[in-house]
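Peer 1: So the chains spell out like this:
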Amino acid sequence: MKICQVEGTLVATARIGSLQNRRLLVVKERGSNGKQVAVDPVGCKPGDWVIAVGSSAARDAAGSKDYPSDLTIVGIIDYWDDASGQAGANAGANPAPKTSSKAGVKTDANPSRRT
Amino acid sequence: MKICQVEGTLVATARIGSLQNRRLLVVKERGSNGKQVAVDPVGCKPGDWVIAVGSSAARDAAGSKDYPSDLTIVGIIDYWDDASGQAGANAGANPAPKTSSKAGVKTDANPSRRT
Amino acid sequence: MKICQVEGTLVATARIGSLQNRRLLVVKERGSNGKQVAVDPVGCKPGDWVIAVGSSAARDAAGSKDYPSDLTIVGIIDYWDDASGQAGANAGANPAPKTSSKAGVKTDANPSRRT
Amino acid sequence: MKICQVEGTLVATARIGSLQNRRLLVVKERGSNGKQVAVDPVGCKPGDWVIAVGSSAARDAAGSKDYPSDLTIVGIIDYWDDASGQAGANAGANPAPKTSSKAGVKTDANPSRRT
Amino acid sequence: MKICQVEGTLVATARIGSLQNRRLLVVKERGSNGKQVAVDPVGCKPGDWVIAVGSSAARDAAGSKDYPSDLTIVGIIDYWDDASGQAGANAGANPAPKTSSKAGVKTDANPSRRT
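Protein chains in written order, with the numbering used here: chain A, 3 to 117; chain B, 3 to 117; chain C, 3 to 117; chain D, 3 to 117; chain E, 3 to 117.
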């Protein structure tokens, strides 16, 4: 699954019927400038770091095998433990996730490099 | 789902039967120079910014589980809210979507960076 | 779907049985140096610009849900209309399709930039 | 399948129900700085080099056709034989796997270039 | 399908049960430094240039719809005809396949550029 940050809500009035009125978010993958659109069944807000699943699993994750999604948010990241010691080397290119204000388990600014 | 801009209509006379006479569009992904071909069940015109779904979901989105598409347009983008404040930094490389003249909800030139 | 140019026929004597004796072509994606192998149910010749479908749709396009293809040619490109006006900027890196001699609908050398 | 190194455990309290309470690991693909999230049914620890499967196979590998994973760890790498003689050329960019302390079959530091 | 060269055999003792005792090979895609792991139902040896199929087709190619593979070798490349005349331009970056010693149809060193 990809590690993405939510940028904002996307509005698309003209759409195929099977997309229904699900919430679509613009997300940016960690360490990349490219933006994608993800379905949000979790309830995220801009700035949240999330886990997004692709491939055919994105459809089930959106609630139905027939839902036409190839990227669906499946969770909001609280933090992760990083034992490699190499994360700091590419901190500029790949900023670590900020603590999700939703989950709020951690309050330090850069949970992947804490300790 | 990918954020793409419609470039134009593709004509391919010699094709497999299951492609039928569906409309095929050349699209360019945002922030990339690469072009791809997408099936258009929505009704887009050149210049429109659209959401295109890939993977196996592209088939259902095209109307049938048997349709041989791996990229199908599922909606025309009106605009999106961008709360990150970082969008301006890579505006050169990743131009933000122009307002779709079809949906016409927004009229400012660069909806993703409006404040 | 990807826009590819046919390079030539690939010969692979030792193969799994389910590949059968289908024609395999080496193709190069537009704007890339990487080569891939595609199944050809259309009947292309070297130099043709084609549409190739990937993902699970490649299997149905090859004629059977059980055929082990992840890239199948589904049509030969005649030309496309390009209304963006930006195509010329990256002409060096991404040469536009030459007119397919098979379909022969257009005879100008660079159909994507015709006006 | 991809060759990845386990970075650490990811905590995501707010998640969709179908993710269940499976263990999610942050992994880094060999020769890349990008991080992804993988489901771990094997039982890895940080630093392990693993094989991770993507596409629809990630779902079955996670234990169920309905599990919403697009990247699942399927094995821990002990070592591999490298007969090409070219591995040394890109050792800087693509560090070879360290011996997995779990499997413990090999004890040399760089099994892919042993002779 | 991808064009890959076999690097060597991978040993992974700790693995999920559904991987069974199938042979796993480390392969390198042509024109890339990245290595991946592929299932080998054909019987390749290091140095062989092979066709590897991804996506959901990798599972059927491995012998069962339930096998958790996303990259399976489906054939050993003998040679291919290259009619584009451009292959020589990127020979440094993308070395052409060496003749497979298994299939042995061709004996010239660089079959893709033979004339």
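No lab work stands behind these hints: they were computed from the structure.
Treat each hint with caution, since some may be false.
No copy is singled out in the list; a pair is fine if it fits within one copy or between any two copies.
As the list claims (entries may be wrong) - Lysine to aspartate or glutamate pairs mimicking EDC-like chemistry, simulated, CA-CA at most 20 Å apart:
1. K30 - D68
2. K30 - D80
3. K67 - D83
4. K47 - E31
5. K47 - D68
Peer 1: Go through the copies and call it for K30 and D80: within, between, both or neither, with a Cα cutoff of 20 Å.
Peer 2: both (17 Å within a copy, 19 Å between copies)
Peer 1: From the Cα coordinates, with 20 Å as the cut-off, is the pair K47 and D68 best called within, between, both, or neither?
Peer 2: The answer is neither: 26 Å in one copy and 27 Å across copies each exceed 20 Å.
Peer 1: Given identical chains, is K30 near D68, meaning Cα to Cα at most 20 Å, within a copy, between copies, both, or neither?
Peer 2: So K30 and D68 fail the 20 Å test inside a copy (25 Å) and across (26 Å) alike.
Peer 1: Given a CA cutoff of 20 Å, do K67 and D83 count as a within-copy pair, a between-copy pair, both, or neither?
Peer 2: neither (33 Å within a copy, 29 Å between copies)
Peer 1: Given identical chains, is K47 near E31, meaning Cα to Cα at most 20 Å, within a copy, between copies, both, or neither?
Peer 2: within (15 Å within a copy, 25 Å between copies)
In summary, the structure is inconsistent with hints 1, 3, 5 from the numbered list given earlier, while agreeing with the others.
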